[in-house]
Structures are given as C-alpha cells and as structure tokens.
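Participant: Sequence:
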Amino acid sequence: MEKLYQILNKAIASKVTDIHLNPKYDDQSKDKKDSMYEIIFRRSGEIYHFDVLTNVESIAIINHLKYECHLDVTNKHNAQSGQMSLKLKNKQFNIRVSTLPLFFDCESISIRILYDSEHDNKIEYYNQSQFETLKKASLLKDGLIIISGPTGSGKTTLLYELIEHVNSQWNRRILTIEDPVERHIIGALQVNLNDQAGISYEESVKAFMRCDPDIILIGEIRDAKTAKEVVRASLSGHLVLTTIHAQNATGVIHRMLEFGVGLNELMQSLTIINNQRLIRLADKKMTIISEQLNFKNIKLDQMKHLNEIETVTIHEQVKKMFLNKEILPEEYEAYVLDEVE
1 MEKLYQILNK
11 AIASKVTDIH
21 LNPKYDDQSK
31 DKKDSMYEII
41 FRRSGEIYHF
51 DVLTNVESIA
61 IINHLKYECH
71 LDVTNKHNAQ
81 SGQMSLKLKN
91 KQFNIRVSTL
101 PLFFDCESIS
111 IRILYDSEHD
121 NKIEYYNQSQ
131 FETLKKASLL
141 KDGLIIISGP
151 TGSGKTTLLY
161 ELIEHVNSQW
171 NRRILTIEDP
181 VERHIIGALQ
191 VNLNDQAGIS
201 YEESVKAFMR
211 CDPDIILIGE
221 IRDAKTAKEV
231 VRASLSGHLV
241 LTTIHAQNAT
251 GVIHRMLEFG
261 VGLNELMQSL
271 TIINNQRLIR
281 LADKKMTIIS
291 EQLNFKNIKL
301 DQMKHLNEIE
311 TVTIHEQVKK
321 MFLNKEILPE
331 EYEAYVLDEV
341 E
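So in full-length UniProt numbering, spot 300 of the sequence shown is number 300, and the numbers just go up one at a time.
Bear in mind the hints are in silico, worked out from the structure with no lab data behind them.
Treat the hints loosely; a few may be bogus.
Simulated crosslink set (DSS-like; lysine-lysine; CA at most 27 Å straight-line) [claimed, not checked]:
hint: 1; residue 1: K89; residue 2: K285
hint: 2; residue 1: K296; residue 2: K228
hint: 3; residue 1: K15; residue 2: K89
Bear in mind that the values here come from a model prediction, so they are computed numbers and not experimental data.
All chains, full assembly: derive it from the sequences and hints.
Facilitator: Printed below as a string of structure tokens:
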C-alpha cells in the first residue's frame, strides 16, 4: 500500500489530524468505475484539498484499511469504525478509521491520526490562568471536572494534559474508559469502549469503583445512566474527569439536570466546568479560549437561577479579541453566528 503510506507520511509531516477520502462522480458518466476520489486534509480545524485518486486506487486503500482494522471488507452498506497501529517515519502511530455508506453503492472513509503528546502541536491557552486553574483542580483528591465544547476544540487533548500533569506531581491510580483510547498514558489503566462486548461507559464506571481508583477519566457523558454514575463516583471520594456536549458552561448544568442528576448532588460533586473553543488568531496560530465556572465561588441558590451566574462568555471574549485586532473579521463573524444559533 505504497500510495496509502505516501498520503499518511505527508499528513503527519504537515501535522494533519484528519484525512477524508470522498468519491467524486462525473455527472456525464453512470459508471462508478470512472469516478475519482478526492483526498481532503484537516489541519488546525481547517479542511483543504490534497489530491485526487482513481477509483481503483481508492477502493484498494479503503479495503486495506478495513482489513487492518478488522472490519467487514465486504460490507459497504453500514457505517463501521475501527483502529490500527502502524509505523511511520520510525515512530509508532495509532489511527482511527470510520466508513460511511453513501448513495450509488459506494462509501467514504475518514482517518483520524492520533498523535502522542511529544508529536502534538502544543496549543496555548489564550488566558494561561484558566489552564492553571484546571491544573490545580486536577490535583484534588475528589470532585468532578467537566470539559465541554464542539468537536475539534481540544477537549480530549486537555484531558490528557491534565492527567499527565497529575502523573508529574503525584503517584495516583488512574483508570480511563475512552472511545477509543487516543494516547497511551504511562501508569494509567486504559479501556476501549466496546458496547458489543458490554464495555459501556456506565458499566465501566461501576467496574472501576471496585478497582480502588484515585482518578477516573470517562471519555464522554452521553446518557442519563452514565451521568448518574459519574456523579456517584465523584461523591464517593474520587476525582472524575469527563466531557459533554453543550453550547456553554451553564448549558453543561442544564444537560446534567436533563439526564436526571439531582441539583444538590450536582452541586456537591462539581469542581469546575470548562467550556472551550479553538480560535484562529490573525497570525494564523491557534489558541484556546474558555468559559469557566469554578464551583468554589458558586452557591446552591445561584444554581437554581443559572441565568444569574456571572461568567465571561465565549462570545464576549471573541468580541474583545476582535476589537483588539487579534482575530480577523471572518473568525469573529463565525462565532457571532454560532452564538446566535
């Protein structure tokens, strides 16, 4: 698979995080053998065209990846996902592969390159004190740290950095359940989510509680059962780190309440909520800004009136950056629209 390795080597050299192989059909031809596939790279949140391959080359690459990831090579009608490890540029890399069935009896494939910390492009926090607050919270013996934000905003990277910070300071027993494990953490026991084998977030948290953990990392809160187990674990004297999809920091509280977590339980367990965005600066560098709720400073009465909790929102921070000419107008407009939506 020389062509595949050429693509992967080029992607890694350019610090690309995602590769997409999408079919491009000629409107004048009904024969899919005449089709071409476009290779799209994503780097620092932006996508761009890289190359075009023939149908024969593309199908060969797709089938090879499916085989190496132990997927059903013959199944083009169901979405599949898997993971594989390979050596590139004398370094070991893990890649995550996802297929998507498309119209006209074909499929596209997406490749996520999972970099180790030593290979990552370090993205600095715009407000370094926010990151320091999170690092201090990660050294506590119990509590709940929830990270939120859209896909590609650096949530998983932040979780790994916090765990690695703990490792550098203390000797703690760390257990993680992830979908999938994206980076090996020295000294941690890491589990891959596998619903078919009964390894779910909910069941894993229950199992972890019987294994004498100090710190539990749950990749994502997706349902009510997991939300309740997460809170129960933090109230049992463990430090729990996790992520959830929410538009803003107070939205995280709304989501947890919608999942059936009691307000008093949530208040007792929460340490900090960090809602973040990855922002492109005018000089093209990337930075992270975040809206934080530190529950040392929040009382139960305020939790009953979330709109009264004072916080510096993402929108307010982006507006300030725009006025200071730190970001370009198109970046500002994207977040203005995002806020309206």
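Participant: Quick one, are K89 and K285 close enough, alpha carbons at most 27 Å?
Facilitator: With Cα atoms ~25 Å apart, K89 and K285 stay inside 27 Å; holds.
Participant: Could you grab the alpha-carbon distance between K15 and K89 and see if it respects the 27 Å cut-off?
Facilitator: holds, 13 Å
Participant: Taking only the CA atoms, is the gap from K296 to K228 under or equal to 27 Å?
Facilitator: This hinted pair holds, its Cα atoms lying about 22 Å apart.
The structure fails none of the hints (numbered hints given earlier).
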